[in-house]
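Listed here are the chains, written in short residue letters.
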Amino acid sequence: MADLMDNKVLMAFASYATIVLSKMMLMSTATAFFRVKKKAFANPEDCASFGKGENAKKYLRTDESVERLRRVHLNDLENIVPFLGIGLLYSLSGPDLSTALLHFRIFVGARIYHTMAYLLPLPQPNRGLAFFVGFGVTFSMAYSLLRNKLYL
Amino acid sequence: MADLMDNKVLMAFASYATIVLSKMMLMSTATAFFRVKKKAFANPEDCASFGKGENAKKYLRTDESVERLRRVHLNDLENIVPFLGIGLLYSLSGPDLSTALLHFRIFVGARIYHTMAYLLPLPQPNRGLAFFVGFGVTFSMAYSLLRNKLYL
Amino acid sequence: MADLMDNKVLMAFASYATIVLSKMMLMSTATAFFRVKKKAFANPEDCASFGKGENAKKYLRTDESVERLRRVHLNDLENIVPFLGIGLLYSLSGPDLSTALLHFRIFVGARIYHTMAYLLPLPQPNRGLAFFVGFGVTFSMAYSLLRNKLYL
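Chains as they are written, first to last, in our numbering: chain A, 850 to 1001; chain B, 850 to 1001; chain C, 850 to 1001.
Keep in mind that the hints were calculated from the coordinates and are not lab data. Since the structure is predicted, the reported quantities are computational estimates derived from the model, not experimental observations. Among the hints, erroneous ones may be present.
Put simply, identical chains are the same to the list, so a pair is met inside one copy or across any two.
[Claimed, not checked] Think about it this way: if two alpha-carbon atoms lie no more than 30 Å apart in a straight line, the pair counts; the simulated BS3-like pairs of lysine-lysine are:
hint: 1; residue 1: K857; residue 2: K888
hint: 2; residue 1: K872; residue 2: K887
hint: 3; residue 1: K886; residue 2: K998
hint: 4; residue 1: K888; residue 2: K906
hint: 5; residue 1: K907; residue 2: K887
Produce the complete structure using the sequences and hints provided.
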């Protein structure tokens, strides 16, 4: 056990994975905050404190800034899940430390830039490039893993 | 290998993670069941057995109980993914068994309560509190992990 | 460390998990490709190169083939996340190699068939059966894990 976390690649993966997951979790709180601020809710019970009956129903609506946050969040989920799965298995496959660090750093940087590009928003292709950089890093780890450890 | 699963923290994490993932998987079957019961489908091929041509198209619709189940499911996904990633790495970082058990138990309890609060539904802030308790547990594990094992 | 990836079950899990995650990642690129092909975007900044002002706004729309790809992607996410979490912990619990391989192979086959059935589309119950086969494999691993290693 101690051995596992004495491994520097796994420690580095743990650090970067935790940072990028924490960033993703902030999307939940941002969505909740903007739902209250914009009074745009998905459930009747959520607007109960803003009015009674018909008066509350008008808050059951979508708001563009809330929808944008939800798209960022879903895009994070779609990209961080493969990074977590492939990254963990890649970390266990004994890669070179500096190569592994390069993968983790670029991925986390690309995802943070992607979120900024989505929320400001920056003109395309900023967000598109950030997406493809993160995507490429994950595929590079997948390729390295399958080349070294394929067992079907 | 045997060593890894002899580790009580990892065994406990495996048990609680499996329980909370199984709960999440039930959302899929519940959604499928309600789609058939309410005749509210997302794909033309899904309504083919309920009618031909124009007659089938009326079942391509959204239903509030199906949409509610889908929101529960997505909320689970958004919260259980960070718990899985951070929780696994936290379990490997050698935490105290009783502290780890406390984290896992509160998280799983909070997510089950969250689902009940969403589906009944209970008035707010029941669901909101359940969400923030689970969220806090995950952040607490992330903090513990980064404090002890940060390697960037 | 070396020990971990010398373990054949974990190597097999790493291979199948990487394959099914790579398949899921292709959904992102397919969605991006069809958004451009069908000119159906979710964000104003994405249509900026197709027209100015009011002229660009008409591309802020949903397109059925894009929505179908997004449903495939979300369904993948909902099913592959439990497979990753439960499958990894199951692999660490020391299962018989041939039993484990059977689980991994059926799951990956079922998810690839599910995607084909969703995209062609094949008439139901093709997609429904593919979903339930993958679902059953994951529950079978969850059951095996909880029976052998339950620690609450």
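Right, here's what the structure says about each hint:
1. K857 with K888: neither (47 Å within a copy, 46 Å between copies)
2. K872 with K887: Close inside one copy (22 Å), not across copies (32 Å); limit 30 Å.
3. K886 with K998: For K886 and K998, neither the intra-copy (50 Å) nor the inter-copy (37 Å) Cα distance is at most 30 Å.
4. K888 with K906: both (11 Å within a copy, 25 Å between copies)
5. K907 with K887: Cα proximity of K907 and K887: in one copy and across copies (12 Å, 25 Å).
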